[in-house]
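*Asks:* Top line first, the protein sequences correspond to chains A and B.
For the first sequence, the positions run 622 to 710 when the numbering used here is used.
For the second sequence, the positions run 131 to 292 when the numbering used here is used.
Everything labelled a hint here was simulated from the structure, so no lab data went into it.
Note that this is a predicted model, so its numbers are computed, not measured.
Glycine is no exception: its CB is placed at the ideal position from the N, C-alpha and C atoms.
Please note that a few of the clues may not be correct.
What the hints assert, rightly or not - Derived list of chain B stretches under chain A, where covered just means 3 residues or more per stretch with a C-beta under 8 Å from a C-beta of chain A:
#1 149–158
#2 192–200
#3 275–284
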Amino acid sequence: MPSFAACLVVAAVLLGSGSLVAAWPRERGPGLLALPLLTAGAAVVLAGAGRFTSGVGAEAGQELAALACLTGLATTAVAAAWARAGSQP
Amino acid sequence: LDLVLTIVFSIGAVLAGGGALAVALVPVPAWRPLGLLAVAAGSALALLGLSAWVAAAVALACLLASGLLAAGATERAGQTETGRLTQTQVGALAGALLVIVLLVIAVAGGLTGAFASGGSASLDPTALGRALFDRDALAVVAVGAAILVGLAGGAVVRRRRS
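The following block holds chain B by itself, in its conformation from the complex (with noise of 0.2 Å):
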């Protein structure tokens, strides 16, 4: 297991890093997305070669939610509607792929024992409410505050724009 999780980490390592110098070195701006999406799965790569399971997970969807973002508001002078749209798109795809994952962890509880041998993390949908609900409730409580405000102050924005 431990050479398994040396080359995913080295793989990460090398994807993140690259695509790290792409964004920064690179002069075209169409390699930046790519180079985003790189330093995102890369860096989910290698968190997962450090038994950081559902650090990799978050980091994965928090990058890449955080590179469609920023490459959305960079390129937004030479947009068109097609590019709006499939920004869009890609929104929604990423929104039914958490759905998705948030099924299979409450569905296929019986998993457990394959992810839980490493005693870093489990997919027991019972530990994990536990762990948002129990241990960490000041948290989960805090960032959904946050979310609120940030949803609160986006609609407030458009709505005084429009």
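Chain A extracted, bound-state conformation (with noise of 0.2 Å):
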């Protein structure tokens, strides 16, 4: 059975690229792939919170993540929309 500290490191790849990606200023455009990443760690670090730590249900973590999920996919599509119409002539 994976670990929680298995957990805090995939989530820590994940959210620390997706942290590189957001103050990175090679281009204006790629900000937004950040979005999915913290996405993904966030999803990550509490479903593994869940799991493995006493306080907080297996199903309540499983809950928190995919609540997450779906916050971060609202979040990239008004980001994308914004950047969208920002680019407008």
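Each chain sits in its own coordinate frame; assemble them with the hints.
*Replies:* Here you go:
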């Protein structure tokens, strides 16, 4: 069975990569790519916390992970629409 | 079963980490959608390894859609009509897959015993309906309201632009 530390490592890689994409000013557009990475990291750490820590049920962690994914999708949709509207002449 | 879950989690972790690093570090723009695809698949596999079946399915669908949106918005400047058509086809395919999954859940309720042995989640349509409309009714209403507001806002913006 995977451990909570493994979950934290995976989430740290995802969140760190997302933060790097968001903060690295290479081009203007790719900042949006950070949102799926941050969402995935949040989902993994929430599911892991629910699975391995006492006090939080596994089902609660699973629901929070699903909620994080839905929130990330909604945020990406709004950000993509915003970027598209901003690039209109 | 623990060994299988560990292997699934490890594969998902490697896939998600590699995809995230590819998105963040590889300077070739064509690799970014592939990296996002790897992140979506890897995160879903990692959640499967944590016995979070429902969260894995939701994560796969949401992260794929989120990656498509982000990659589409990023590469919109050099986008051709063919690319736009491909994105529409991918979206239609994802919608069709979602419908198929829902049909499988609704029709093949007999699989409940096979999937519910872990005790974490089941594919029982009755339990799914109770979870959605009884226990988590407020959350479902909130999500529905958010989707309605988003669709209405998108329609208004599209009409104003045209």
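*Asks:* None of the hints should be skipped; say for each whether it holds.
*Replies:* The hints, checked one at a time:
no. : hint    : in the structure
1   : 149–158 : holds (count 6)
2   : 192–200 : holds (count 7)
3   : 275–284 : holds (count 3)
Violated hints for the displayed structure: none, as all numbered hints are satisfied.
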